[in-house]
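The residues making up each chain are set out below.
2 protein chains.
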Amino acid sequence: MTLKASDLGEFGLIERLIARLGTPGEGVVVGPGDDAAAVRLGGGATALVTADLLLEGVHFEIGLSSPSDVGWKALAVNLSDIAAMGGVPRFALVSLGSPPATPAATLEQLYAGLDECARSFGVSVVGGDTAKADRLIVSVAVVGEPGNGPIVQRTGALPGDVLCVTGALGGAAAGLALLRSASHDERAAALVERFPLLAKAHRRPVPRIREGIAAARSGASAMIDISDGLARDIGHICEASGCGAVLSGEKIPLAEGIDDVAGWAGVDSLAFAAGGGDDYELAMAVPPAALEELRRAIGPASLAIIGEVTEGSDVTLERDGVRMELDSLGWDHFGGDT
Amino acid sequence: MTLKASDLGEFGLIERLIARLGTPGEGVVVGPGDDAAAVRLGGGATALVTADLLLEGVHFEIGLSSPSDVGWKALAVNLSDIAAMGGVPRFALVSLGSPPATPAATLEQLYAGLDECARSFGVSVVGGDTAKADRLIVSVAVVGEPGNGPIVQRTGALPGDVLCVTGALGGAAAGLALLRSASHDERAAALVERFPLLAKAHRRPVPRIREGIAAARSGASAMIDISDGLARDIGHICEASGCGAVLSGEKIPLAEGIDDVAGWAGVDSLAFAAGGGDDYELAMAVPPAALEELRRAIGPASLAIIGEVTEGSDVTLERDGVRMELDSLGWDHFGGDT
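Going line by line, the protein sequences match chains P and G. First residue of the first sequence? That's -4 in our numbering, and the numbers climb one at a time after it. First residue of the second sequence? That's -4 in our numbering, and the numbers climb one at a time after it.
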């Protein structure tokens, strides 16, 4: 039997491909496997670099997002990767594949959204490529540099560290679920109207650049952006750091409206908030001694303590002292490979 | 009528999209529109950055190239963009889209080819992304730095400058034409056997990094890599520099076997050598006073003088004193938008 890409899953595949590359060369400070890589250039400057590929029908659906939303998000998810290292994004390259029949106005709107995101975060788009393709492809690479603190990797978490997240979670997954149903489900359509920030969380995520810089300067020991869902992303930190974690379900901050959407969907609110991806908030491990400074720097309203790093390797989600499995929350509907 | 992406053509589209981006921000030394961009990072280091998107069915055809060839080429074309600025490539990001049913071995071979190219030119692959897609997508971004000379843009050519190219031209286009016919045309198959470097020129182009660095140090005034075909790429230099050019047809160096392939195809050899793209040799404008040093640095056998930069804006191809149009050479068969 031939082993297929789909048999390995995204992370298995990445691992196998990275293994083909052998040892990193000179100047590689942080190699493949983190949110961004860090490299040293001549003259001693360190650059952070990252790339993300967004595909129509996989990462976005025309009809649920406007072209300008797609442009915004394609850049924002890359800026979020730089934020997760405690870095400052500076420059972007954008490669665009599009069917020849695509209206030029659609591509111009996509670029306008991209430019809006770039300007919002002080980033210059300096180049890229275009090609004809069957469906829209937006491939972005970003170059940044460290903020005024150290580079924070996934690898530094230690047992006893506090786990924190910025903002509120579940909005993007809830927004996407509603948008997919709104055309044929009146309750979903009403919830889209009532909680407009949910659709916005899916369409126009806000990279937490200021918060990432503050976390690095305050002494966060490990950091990641929440793209695969909180539980999985905390799992990535734990795997990279060689530790486990206990997450406290009742402390996970829920985006406004999540309880209503969970009621509509017939799942637990945590299915969205711990299992749903694409939030682009930051999750971080913080030594207890650094916590006060971090809360001052980020602002206590934007930072929630959600658990603790432990010995071992298990990542546990608990509520009212009961351990929960993501599957039991209905997580399969919202997470996964997209 | 709705204006479509295809109505604008690749260059028209890029121009319109760049126009959406407004003025470049702080730290942008060379913005969009050249082979690579140049940006300044904190600490004063200058980085060269470029990205290219390679799509199955557009830039490569499975069956004509092995997966490892595709990997090699996806990186090589990006390294060539850095070479065309006189730069040294250092780090690469690779985003890979593939159908879920793709054998894992295919993707591993693609990565092995990519790694082979990276090692050959001292480049480290430091990250990227994977996603499921309808067809293979290889999106690469490269970060480099200036060599030991200035950054050479497309904009610096002056009337009186000599036009030079590295290597020999037409091999990639001739190789592709043969490979496309070899399965059903015995003469084509025989030519593939007889001139193996033609297929190799299509499958595994060699970026001219050493030559680009030497050209920058020797004082080349403008440089570009030959991806769109010599005539068009000289046209890009002329447009960016505000000048014209006269190319001497008999001085354009032909890859070995081109005359035979042109005979088989029923076109002029220059259709491949001046019209065919994908060669990834370097074309440069050189002030006459700098020519001797450049010939010494690159080696006279690898450098051909093919014409001169002129006043005005016309790019003319002449042979035996007669002006030629690319169309009349059969160029349409081999150039174009691919």
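Warning: the hint list may mix true and false statements.
The list treats identical chains as interchangeable, and a pair is accepted whether it falls inside one copy or across any two copies.
[Said to hold, decoys possible] Cut-off 30 Å, straight-line C-alpha distance, at most; resulting in silico cross-link-like pairs (BS3-like, lysine-lysine):
| # | residue 1 | residue 2 |
| --- | --- | --- |
| 1 | -1 | 195 |
| 2 | 195 | 246 |
| 3 | 246 | -1 |
| 4 | 127 | 246 |
What the hints contain is simulated information worked out from the structure, not anything from laboratory work.
Going down the list of hints, with the structure as the test:
1. For a Cα distance limit of 30 Å, the shortest separation of residue -1 from residue 195 across copies, 29 Å, qualifies, whereas the shortest one inside one copy, 36 Å, does not.
2. Taking identical chains as interchangeable, the C-alpha atoms of residue 195 and residue 246 lie at most 30 Å apart only when both belong to the same chain, with a minimum of 23 Å there against 60 Å between chains.
3. When the C-alpha separation of residue 246 and residue -1 is checked against a cutoff of 30 Å, the pair qualifies neither within a copy, at 40 Å, nor between copies, at 50 Å.
4. Taking the closest pair of Cα atoms, residue 127 and residue 246 never come within 30 Å of each other, the shortest separation being 47 Å inside a single copy and 34 Å across copies.
Violated hints, in rising order: 3 and 4; the structure is consistent with all others.
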